[in-house]
Every structure is written in C-alpha cells, then in structure tokens.
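Participant: The primary structure of each chain is shown beneath.
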Amino acid sequence: MAGSNEVNLNESRMVVPLNTWVLISNFKLAYNLLRRPDGTFNRHLAEFLDRKVPPNANSIDGVFSFDVIIDRETSLLSRIYRPANAEDPQTKYVDLEKPVTSEVVPVIIFFHGGSFAHSSANSAIYDTLCRRLVGICKAVVVSVNYRRAPENPYPSAYDDGWTALQWVNSRSWLQSKRDSRVHIYLAGDSSGGNIVHNVALRAARTDIEILGNILLNPMFGGQERTESEKRLDGRYFVTLQDRDWYWRAFLPEGEDRDHPACNPFGPRGESLEGIKFPKSLVVVAGLDLIQDWQLAYAKGLDKAGQKVKPLYLENATIGFYLLPNNDHFYTVMNEISDFVSSDCA
Amino acid sequence: MGPYDSAISAGSSSGSSSSSTSKPHEIDGLLAGAGYKVRSSDLRQVAQRLERLETVMVNSPSDVSQLASDTVHYNPSDMASWVDSLLSELNNPHALPLPSDLPDFPDLIASPVLNQTTMQNDDAWADPNIIPPHQLKVVTAMEEDSGIKLVHMLLTCAESIQRGELALAGSLIENMQALLTRVNTVCGIGKVAGYFIDALNRRVFAPRGFANNSTYGSAYENEVLYHHFYEASPYLKFAHFTANQAILEAFDGHDCVHVIDFNLMHGLQWPPLIQALALRPGGPPLLRLTGIGPPSPDGHDSLREIGLRLAELAQSVNVRFAFRGVAASRLEDVKPWMLEVSPKEAVAVNSIMQLHRLLGANNTRNLPIEMVLGWIRNLNPKIMTVVEQEADHNQVGFLDRFTEALYYYSTMFDSLEACALQPSKALAEIYIQREICNVVCCEGSARVERHEPLAKWRSRLVQAGFRPLHLGSNAFKQASMLLTLFSSEGYCVEENEGCLTLGWHSRPLIAASAWQAAADVSNPLGIVNHNNGQVL
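One line per chain: the protein sequences are A and B, in this order.
Take the first sequence: its position 287, counted from the start at 1, is 287 in my numbering, and no numbers get skipped.
In my numbering, each residue's number is its place in the second sequence (first place is 1) plus 1000.
Hints were generated in silico from the structure; no laboratory data involved.
Glycine residues also receive a C-beta, built at the ideal position from the N, C-alpha and C atoms.
Some hints could be false.
Said to hold, decoys possible - Computed list of chain B residues with no C-beta within reach of chain A, every gap over 12 Å:
id, residue
1, S1171
2, N1201
3, L1279
4, V1493
5, L1500
Said to hold, decoys possible - Calculated from the model, a selection of chain B residues having no Cβ within reach of chain A, i.e. all distances over 12 Å:
id, residue
6, I1148
7, L1180
8, E1223
9, P1281
10, G1325
11, L1421
12, Q1422
What the hints assert, rightly or not - Only pairs whose alpha carbons sit at most 25 Å apart, straight line, appear in this in silico SDA-like list of lysine to any residue:
id, chain 1, residue 1, chain 2, residue 2
13, B, K1037, A, N32
14, A, K28, B, E1231
15, A, K276, A, G300
16, A, K307, A, D343
17, A, K98, B, D1400
18, A, K307, A, A204
19, B, K1191, A, E97
20, A, K98, A, E209
21, B, K1149, A, E97
22, A, K230, A, D242
23, A, K299, A, G254
24, B, K1191, B, E1249
25, A, K28, B, S1088
26, A, K177, A, L211
27, B, K1191, A, K230
28, B, K1425, A, I69
29, B, K1335, B, P1368
30, B, K1149, B, G1194
31, B, K1149, A, P55
32, B, K1191, A, V68
33, A, K28, B, A1047
34, A, K138, A, N326
35, A, K28, B, Y1407
36, A, K230, A, Y31
37, A, K276, A, Q306
38, A, K303, A, E314
39, B, K1149, A, G39
40, A, K98, B, N1184
Same shape as in the complex, but just chain B (with noise of 0.2 Å):
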C-alpha cells in the first residue's frame, strides 16, 4: 500500500486494496468502494462474461436494443449476477413473459376509469419546460443566522434534556421561542424549527403522564391526515405503486390470490391492481382483500365500507373480489387465525409503515415485531412487500434521536414547500408534525414512530428467516414517471441492492423492499398448517 491508505479506503468496504492480496470469497475492495460486490474469486469469470456480452453484441446490434428496452434489469450491485442475466437474455431472447406493468396512474376515489396505456414504451426523459418555476425566496443573511442558531440551540436543549437539565431546557425552549418571532416561520428553517421547539416544549412543560399519553387523535382525523399527506407529496404513491408493482409480478400465473393489508385506510393502495389484474393476460384472479385497521367507535364499520366501495370497482371490471376486515388497535392484536389464509392461494403481505410500529420499548427479547414476522413466515406468503420511513428514528439516546428527526423532517418538509394544493398540503403538514411529535415526546409503548434504516429492516428480515426479492429497473422506471407528476425536481428514485428509495435532493426518505420466506433447512417444501400457525 502506498502513502494514500487513509485516502484510500475512505468509502469502501473491505480493508484490501487489490485483488490480488485479499482472500478469495472476500468482496474486492476497491469494486466495493465502486459500489459493486464481486467476490475476488468470480473476477475472472465475471470478465469472460463481459467478453462474451461484448462480442455478441458487436455482431448483432438489434440484440443491444432488446437488452436495453424489455430487459428488466435487477440489483446492478451484484455485477456477477447482473451480467449472467443479461447473457441468459440474449441466449433467451423473451423466454421469461414481460411482466405486466401497473396501468397509468389513476383518479382512484372518484371514479375506475379502465385506462389501457401502460407504461412500457421509452418514452423521452420528460420534458422540463413543463413544471412551473419555483418562488424564488429571498433569504436575508440575518435570517440565514438566526437560522443556524435556532438549529444549535435545538440541538443544545435536546442535549440537556438527555442530560436531565430540564430547568436549562426549559429556558432554552423560552429563547427559542423568541428568536422564531425574527424568522420566516412560514417556510424553511423556521417552520420546521418551530414544530421541534414546540414538541420539546410538550416533553418538557407537559403535565406528568402526559409524554405517555398518545399524540394521535382518533382513527378518523389520522385517515383524514394520511389522506391529504397521500395527497400532497409522492412518499405514499410511490409507496403503494411499488409494491403493487411488486405484488402483481409475484400473483403471476395464479388464480387464487389473497392481498393482506397491515393497514388499510382508505384503501387507496388497491384501485390500480385491482385494475392491472383485470387487464392481466390471460385473464383477473380471484382477488380476496383482508383489511387491517383500528376498530370505528360509534358503530360505524369503515372497513366493511371501504371493502364495499372496493367491490364496487372490482365488479365493475370483472374482477371476482372478496373483502374482509379485522379490526386491531394495535396490529401485534392479529392472529394470523383472523385472516382465514387459504393453502391453494397466493398470499401477499404488504405492511406501509407498520413494522416499525411493533419494535417496541427497548430492545428487549420477544418483541411484537418477532412474533408477528414469524407468524408471517410461517403462511409463507408469496410476497411481502414492506415501505418504511429511511431514518434511524429508534437509537436509544434522545440526542441522536432529535438530530435524525431535525434532519429527516426539515427534508420532508423541504420537498413539501413546492407543493401548490392546498388545503392538503397544510393538513399534510399536520400529519408530519404529528409524527415529530412522537419521536420528540413520546416514551415507552406510546412511542410507535420507531422507524429504522433499510439497511437494520434488512439484517432484522434475514434474520426472522426472509429472503430479498429484487425490485427491477422496471418498477423504478414508472416511479421515476411517477414523479414527473409532481411539481418539484427535487425528488429522487434510487435503487438500493435489489430495493428502491424515494428522496429529496439525494436524501433517500422513504424505502421500498419485497420478500419472502427464505427455504427452510428443516422444511424444505416450506408446507404450513395454516390451521394452527405451526410448520409441519
């Protein structure tokens, strides 16, 4: 090595330099540091496939445009992988169907339009000229100050709040509370400083009990919230058009599916497959829907209503769909019993932001969240497709709780200041602040905003026994057209090994991953006793 060894390993993985001193089944280093995981031992074998790839390429071009266009490409770090698939391509022109691909994204709640365009072809990088310029804001140097101040003393009270100097905080949060009246308060900065300073103010002058006590209202104004949230910025869209995405690949060739849903809401996920398996070649399964959500006080059964308004559009497209809903206020209350899960039927698990909720206080042995991904594995589901808030919002010390939340929230909200719809964008930002608040103030099992980084969610998975499906380039493509919808060119699709994330301005904030139950040493054929829950 030379004199650059402090330089040289900055960004990568493995201690090695070259391929020629590290171990065989070690990751080359330096591809690591490329982004590329190649085991030292396959380089050889890796650069006859690219040899091959490039010489049946130069002989026949027509063979370039079909890998380019209807190829649908997975986990480009794996480059072993991506190259072998890439030669089976072409050694196999088509031998795989094309997968079908979600209809163009539709007006869902008011009316099931059947649109036939998909979204296969190339089309051109979408023109630029068409979103509307941003409002040019002007910032004074003095704001930019008191900007930066406001972060420091927020981070200066969060300190002495872990530190149990209530008393300093406390007068902290009195500055603070006059340096926002010098600031812009209704965007940047000030905004989303003042949402902090006033969720500190709840922790730390909030009567006793009170940081217990949930900071989400009733069922109702949360779906009126998540609404406008779904509304007015891509996070939830991206997230409901991937998996579907993700869901439709792994329903194919099946005529029995069942659709588990860890939180229904709306049901504003299920419109679009509902139509893209009505378009299915070859014709629609049967659709079950099983929706989880919070019981309705009054009487009222919104689930049932939802299911209704879902079986509406199903019949309306010849879909043969049945709807059932299990209300749970807490989803570690459902017993897989509860979800009648069939053994001739494809099962799909999907969970939008729900794992996180079952993490519990302190990482203790038996949380909910083992108990609940067992029970999952144990109906080895064809698919589970998971979407969860890319933050580490669950370290055990307040302080680097505050910093990730001050950082991930003054993103979100950042990407929120283009949107132009109101009133949800307001009520969009009282969803957010509604989650601030709970990683701010809430301890113990009122604090259900666990959220945890896709890199824990997956050791967490592979460890409960799942194995990744990859997301391919043809789901990242529509959701990067997905967001060609939006206003803003801040936002971002990513792919991630095999999984796809939706950021601001390079700031992954949400991410998207399939699974499934991985084979099981002692059950090889993975069969169940749906009855029960055991493995036979």
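Just chain A, same shape as in the assembly (with noise of 0.2 Å):
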C-alpha cells in the first residue's frame, strides 16, 4: 500500500480547491492524534486544537447568537442563532428571548457532526454553517452542544437530542403566529445526521411534530463491508479504519456494527412502516465511502412508506458544505430552502 499513498493524496487534492483541502487535510491529521490504538480519546488535545468562537448578540449579516443551558444537570448547552431585526439591529440583552414575529418561522434543530467524538456547537466551522442557515431558511437555529463519545457513548447523544427537542417545543417564545406552534426541522451533518433519525424515530411515538429532517452525509454504517467502502478507502480524507474506530467509541462496549443506532436499516432495525416520521432530506456525496450506507437509508425509508428525497452530489467529498467554493455547496443550500420553505406557503 506504500506506493499507493502518494496517489491517493494526489486524487483528493483534485477534486476539491485548494483551501478545503488544507482545511479538511489538517482536521484529518489533528484526527489522527486524537484517537487512541486503545479506544480511549485525547479530549484536552482535541479541545486545545478547536477552533471555537464566541456568541454574538451584535447582529453580524443579519444574524444573532447567544448561548443557553437547556439542562443544568448534563450542562447541556445550545447556541441559539435568530435573524436579527431589521429596524433595530442593536440587540438588548431582553430582546434575546423576544417572541418571533412571523406567521410562520422554521426553527431548525441542529446536530454538529464529528463522528460523535469531535467538534461543539462553538467550533467555528459549525458557527458559520449555523448562521448560513439561517440567512439561507429565514430561520431560528437551535445548534445542540450534545455529548460526545467515547466519554459519553450511546445513548447520551440521543438523550441530549431528545431534551433539546423538548425544550425547543416548549419555547412560547419560538411558536409561530399562524397556529401558535413550534414549527420544528432537524438537522445534522455526519453523526449530528444520525442523531437527526435517532431523535424523530423516538418522537415518532409522542405527539411533538417534526416537519422535516435534514440529513447531510449522515453516519451509518454495518457489519458487512460494503463496495463503496472497499472501493474508497483512505482515498478521499476518510479511512475504514477511523470509521470503526469511531462506531466502537459510540456504541455499548460489546456491540456491532449492526446495532440499530449504526444500521438502522439493517438486521436489527426497527420497522418504519405506519409511524409518524418526518419528510427527508438525504443528501449523500458520492466521494464518502459510506455512501452505500447513506443510500440504503433512503432507500429503507422509501420502502417503509416515507417521504425521502435523496441528493446524491457525484464528485464531492466529506464536508463540501463547510466552504461555499464549489457548486454543491450551493445546490444542498438551494435544496434546504426549498425543503423548508414549501411549509410555509
């Protein structure tokens, strides 16, 4: 395999420009010291390599953020982001919590990615998304600091994604005009993708609507190898060996790959069919070696009787969302909008 690295390194330098390469090339390497052979994670070097970044109750491009804890026993924290208000953009420390003025206004839930061990809702690559947002859906964005493995293994993230939804649901504060509802989307990136599916399945059994679930290159996996694996690994940032390693640091010690949270398609996973499950959107890059994965869960969604739209993106890689330098950037950002937007005509 020696020889094979440098035409590997070569292949991925090709696909994508320049700065997100370095970008995505330097998360890799940090990666790469972060996990331990043993399973155990190096958190104070991870967290000394984040780049994070403060809230902001100054309106900048027409965004506002600021943090609240939405649970004082997990310290669970989510940095909420609102569109800021046109005539008065000098926001007040009282007009944070201000009730939302539209007939209609999404609020999107968002789960950061990271393959549940990485990045916090203030990692700044995830602070930029989340305002992108929401310029992008004219939304408020919830973005949920949820925790991580291998400290906090399955199910902490789910729980955590659970009482957020809860609390956002019970915000008078961000109920629309028109039905005087919480108009309520999930979204997520990489394993924050898997929590999206995770938290709409166990609200599927009460009576919290979600309208939508936004799912970009979202983590699944199983026990079989599948062809895309074999034909992409270590070719485009991404390697089989990480994946495994971070679906051992996730799940319960002694489980597979084929445990319904990783493979909820799968031999273990539970029927979809006849639940109250939110319209998705799925969107799969077509340089992730997961993306067998990925397609198989719209497509299992699709069998059961959902509503799914897969995206499938042919020649971007992991993370093509975090820079807005190439056309699928903006074709996902376009389909968000729509995706959001066609509730509230």
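Two chains, two separate frames, one set of hints: put the complex together.
Facilitator: What follows is the structure, encoded as structure tokens:
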C-alpha cells in the first residue's frame, strides 16, 4: 500500500479547491493524533486544537447568537441563532428571547458532526454553517452541544437531542403566529445526521411533530463491508479504520455495527412502516466511502412508505458544505431552503 | 459570488470568498471563518507539508503516538507553523527537552508538601460520575418573567443615568427594589440584580463626592476577600497555575531568576513555583522574589511576613531564595530602581489583574500604563505574564459599561452557584460585589476596575513593544485538569491564538497571556542599562 499513498493524496487534491483540501486535511491530521489505538481519546488536545468562537448578541450579517443552558444537570448547552430585526440591529439583552413575529418561523434544531467524538456547537466551522442556515431558511437555528463519545457513548447524544427537542417545542417565544406552535426541523451532518434520525424516531411515538429531517452526509454503517467502502477506503480523507474506531467509541461495549443506532435498516433495525416520521432530505456525497449505507437509509425510508428525497452529489467529498467555494454547496443550500420553505406557503 | 453573499461572510473576517480572488498576502477568508489564519500565498506550501506529514505518519504509526502524547502544541490558528512544528518534531524527536510541569496542585498555606507526581501522563478523561449533581432549582414562570423585567428595568435605569435623568433613575430604583421582593434573591438573576440595584442606588443617591471615593475597604479586608475568592472559584487558581507554568518554562536553563509580582497578597501563587523549581532537572536556580503590595498600617510589615513564610518553604525544599517587599499604594508609584534588577538574572514580571488599574480616566495621553509598560520593557524580562478579566468594562458610555458588567457578573455569579464551600462562597460574592460597585458607581481616578478584553490588551502590548509568547497544549491540559477538581462541569478552558481563557459555559471570564520584549530595530541586542532604565 506504500506506493499508493501518493496516488491517494493526489486524487483528493484534484477534486476540491485548495483551501478546502487544506482545511479537511488539517482536521484529518489532528484527528489522527487524537484517536488512540486502545479506544481512548485525547480530549484535552482535542479541545486545545478545536477552533471555537463566542456567541455574538450583536448582529453580524443579519444574524445574532447567544448560548442557553437547556439542562443544568448535564450542562447541556445550545447556541441559538436568530435573524436580526432589520429596524433595530442592536440587540438588547432582553430581546434575546423575544417572541418571533412572523406567521411562520422554521426552527431548525441542528446537530453538528464530528463522528460523535469531535467538535462542539461553538466550533467555528459549525457556527459559520448555522449562521448560513439562518439566512437561507429565514429560520431560528438551535445548535445542540450534545455529549460526545467515547466518554459519553450511546445513548447520551440521542438523549441530549431529545432533551433539546422537548425544550424547543415548549418555548412560547418560538411559536409561529399562524398556529401558536413551534415549526420544528431537525438537521445535522455526519454523526449529527445520525442523531437526527434517532431523535425523530423517538419523537414518532409522542405528540411532538417534526416537519422535516435534513441529513447531510449522515453517519451510518454496518458489519458488512459495502462496495463503496472497499472502493473509496483512504482515498478521500476518510478510512474504514477511523470509521470503525468511532463506532466502537460510540456503540455500547460488545456491540457490533449492526446495532440499530448504526444500521437502522439492518438485521436489527425496527420497521418504520406506518409510523409518523418526518419527510427527509438525505444528502449523499459521491466520494464519501459510506455512501452505500446512506443510500440504503434513503431506500429504507422509501420502502417503509416514508417521504424521502435523496440528493446524490457525484464528486462531492465529506465537508463540502463547510466552505461556499463549490457548486455542491450552493445546490445543497438551495435544496435545504426549498425543503423548509415548502411548508410555509 | 453567489446569492448567499450576506450569509457567506457571516463569521469570517475578510471579504474575499475564495483563495483565487484574494491578494496573496491576505489571509484566506474562508479558512479565517473556520478559525485558521493562513495566507493565500502559503496555501500550497501548507498543503505540501500536510501531505508530507501524512506520508510519514502512515509509514510509521509510532510517530503518531509520540506526536500525540509528548509534543507540546502551540497556537493551532497559525496552521502553517503548527504543521511545521509537527514536521520538525518528527525529523528531530525530543530535540528540545520537554518542558517541566508544575507538580500536582498542593495545599499551599498549611504545609509545603513535596509532591513528586507530574501531570504528563495522558490520563483518561476525568470520570464525570464523581462530580456531585446540581441541586435542582425550581424557577416558576412568574419568577422568570420578573427576572426578565428586572433586567429590563436595570438597563432602562442605566440609560436614564447616562442621559442625566436622575429623577427617573431614582424612581426606577425604587420600583426595582419592590420587584426584588417577588423574586428569589438567594440565587440566579435575583441575586445579581440585587447587587446591581445596590450599585445604581449608591451612584444615584450617594452624597456628593461619594462616587469618587474608593469602594474598597482596607488592604487587610481586601486580602481576606481575595483569599476567599481564590478558594471558592477556579479563576485565580487558573491564573496562578497558567502563569507559573509559563514562568517555569521561561526560566529553563537560567541559574539566577527574579520574579516581580505586581500584587503579592498572601503570596498564594508562589509555593507551587518554588516546588517546581526545586524539582527541576539539574537543580533549582537562585530565586529572588520581589513582591509589590500596599503599605500596611500600624507599623505592621505584612509584605515581609509573607516573604518570610515563602523563605521558610524555599528552605525546606533547598531552593536558595531571597525576598524583597516593595510597598506602594499604586502600581504607577513603583519605579524600576526599587526592584534592583541585576543584569545577570532572568526576570519574570507577573501581573494578575493589575494592568487594568493603570488605564486611568479617559483615553488621554501619557497614561500610567504607558509609563509602566515602558519600564517593564526596558527591563527586558524573560517573560511577562498577564492575566486580566475578559470584559469590556472600560467603555466610555455608562450604559455600554453597565450592560457588559451585567452580562459578565451574571455569568460569574452563575458559576459560583455550584460552590458549596462556606464561608468562602459568601465572601467571594462580596469580593465580586465590590468590583461591580467600582465599575458602576465610580468615575475618574476612583474607578480602578477598568477591564479590557484580550483583543485590546494584545494590541496595546504589541504597540508598547512586546511580542506574544504562546501558551501551549501542556498548559491547556493542566488547566483543564485543574478544573476537574471543582464540583461544577460548566467551567471551560479555551485556547485563543496562543492565550488561554477560563470561562463558564462558553463565556470566557478571565484571560492569561505571556509576553516578551520585542526585538528593537534600534536596539537589536536589547541591552539595557538597569540603573537608570535607559536603553543603551
């Protein structure tokens, strides 16, 4: 394999802009330093290396943000992003939780990626992404700082997502004027996409309504090695070895990748037929080695009679949505905007 | 650019949206939005180095674990230098001796214990189960509303004070005091609001001239309150710990070292440094400590007493030690000749929350800060450690200052809520309350709590001829581990371009940085004549 390393590096260099390549390779390098072979994680170094940004109650490009503690016992923090009031851009402390004024205001609960182990709600890359979502969807975005693996494996992240969902649903200041209800969407990339599915699943058994799921390169897997995994292993920033590491870190001790959290439509998955499940937008990058699992997920939803729109982007790599320097970025942002606004008519 | 212009530039510091359109010496705007500073012209080179690192790491996995556990990382925002440092680590493993680390956090005043454990092993993340759960506080909906109302009224009151409408301010204060009776003042917004209402009350109703009097009591009282603030919260411990780590590293290889502490207090910062120097491979240096503090009344010499205690400790661990106390009511009254710095010694200047007191009234020229920074620079210290409150409490407009203080101290009180240590917690709150009073009630020379944020200190210090010394991942890790000793999970340490901040739930409250005199064009060797402070 030694000789093919150079080929690998050249390949990924050719499909993304230079600054994207530098960004993702930098992450890859850092992440390699953080995962230990024994399954433990160098959390101190991870927090040291992660680039974070504070919230900003002053509006920057029409968006302001602030942090709230959703659950004191678990120190569950969320960062809330809101569109600034055009007439009065200077937000006052008391205005942070001022009731939304429009007929319909989408509220997007966002779960950042990082394969369940990396990043935070206040990571710079996710702060930027959430701000974009506010502008594109004219939405309020609630970015959840869920607990991460390996210190907090399954089901901590899902529990936190569920707590956040209940919290958002019960905020009177987030209710749309039209029907005095909170119009909730779930969105997430990588592990965040996986959390979206699992939180929606839990919500299906309750009376909390979720209007739509947005999954960007969602993290799914299984015991079997799929064709895309074998073909793309190590070629575009991601290896099977690191995927396996993250699943071992997240899943309960002794479990394999056919655990339903990892493989919802696998041998141990539960049927989604007939249950109240939101419509889903599933974005799949054509150079992501786990695409077979993501496409299988979309197919599984379809077969269960659930509404799903798979969006396949042929030569997109992981993280394409982090920087607005490629066509896929704009395609996806348009799709997300349509997906959310189609309910507002 | 596309239809998302406004959304694109959100969060990024430069206008350009892709590397191909920006000028070469500019920072790549998109990477800046991700928290990285890379010049567009350097992108290719950084990419090549990343590739090289990748190849090396794939071919020898043992190097990976070495890079992960032994290497000290600095300023990850500067991607080019971070990648370079990793490459040179791989090419030249352990070329630099690993920096010494401070020993485990010892019991300081009671008995000096020589603790052999170092903190270099990568322990697994602290078990969160040992942290006792929060006491659940039930906040009724009405209380929440009253809380928001109180905040609203506080800000309105501050605004009317700024406009000079003192009668309106006065009646608002009365209303707020009434509203306070309906709110839980034991914790949360009620408690903080109570302190701010008191402060506004003082400002509006105090007899003429009161506002110009100090809000602080005697030096002794201050020391006691400071000590309890130290016990009840991690802020000062973080400050001491981080500064000491940087000083320890700066003193590496020097046999004669001199620490100048701008505010000695009980000297709580120094026992761990003395112990770390004692354990230094190659043996301890000769350590001089000059402690600056207010003059003691009634013939007492408290500075000397502290010095004696520290000398005893030093002797017990075989560190040659000399202490000198410099009594001054104000830092600007200290002159460099009083410090008797010798040209042979490596000097560390340590300022824990003192520099902001030199910012004076209004942004006039020849502020005391400039004078003091000038003579510090002339001393050419090996390191200057600076810790400051991370807040913008020196804004000209009263309302702005008040609003910032409300945010800042609310967060700080929130962090203290979990503290169970009494009476330290109560006294720590009084300590903070006095700061609040000074920010809100005082003006002119009486207002000494002129906190400014890290960004402002950075430019001030650079302008005064200093360059940053970056605090690394080892200091970060130790600071993080220090926090696990506290019973609350909300504290967080963050790395900010070579500096470290400690905050509560993502709001930084205190910032630590380290500095050195920048090389002078006119004085490349930095030769200083210590006798009259002039540069030769």
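Participant: If a hint holds in the structure, say so; if it does not, say that too.
Facilitator: Each hint, compared with the structure:
no., hint, verdict
1, S1171, "holds (20 Å)"
2, N1201, "holds (20 Å)"
3, L1279, "holds (22 Å)"
4, V1493, "violated (7 Å)"
5, L1500, "violated (9 Å)"
6, I1148, "violated (6 Å)"
7, L1180, "holds (17 Å)"
8, E1223, "holds (33 Å)"
9, P1281, "holds (24 Å)"
10, G1325, "holds (38 Å)"
11, L1421, "holds (19 Å)"
12, Q1422, "holds (21 Å)"
13, K1037(B) with N32(A), "holds (21 Å)"
14, K28(A) with E1231(B), "violated (41 Å)"
15, K276(A) with G300(A), "holds (15 Å)"
16, K307(A) with D343(A), "holds (14 Å)"
17, K98(A) with D1400(B), "holds (21 Å)"
18, K307(A) with A204(A), "holds (14 Å)"
19, K1191(B) with E97(A), "holds (21 Å)"
20, K98(A) with E209(A), "holds (23 Å)"
21, K1149(B) with E97(A), "holds (13 Å)"
22, K230(A) with D242(A), "holds (14 Å)"
23, K299(A) with G254(A), "violated (28 Å)"
24, K1191(B) with E1249(B), "violated (42 Å)"
25, K28(A) with S1088(B), "holds (19 Å)"
26, K177(A) with L211(A), "holds (16 Å)"
27, K1191(B) with K230(A), "violated (60 Å)"
28, K1425(B) with I69(A), "holds (22 Å)"
29, K1335(B) with P1368(B), "holds (12 Å)"
30, K1149(B) with G1194(B), "holds (13 Å)"
31, K1149(B) with P55(A), "holds (23 Å)"
32, K1191(B) with V68(A), "holds (19 Å)"
33, K28(A) with A1047(B), "holds (13 Å)"
34, K138(A) with N326(A), "holds (22 Å)"
35, K28(A) with Y1407(B), "violated (37 Å)"
36, K230(A) with Y31(A), "holds (22 Å)"
37, K276(A) with Q306(A), "holds (9 Å)"
38, K303(A) with E314(A), "holds (24 Å)"
39, K1149(B) with G39(A), "violated (50 Å)"
40, K98(A) with N1184(B), "holds (23 Å)"
Hint check: violations occur at hints 4, 5, 6, 14, 23, 24, 27, 35, 39; the rest are consistent with the structure.
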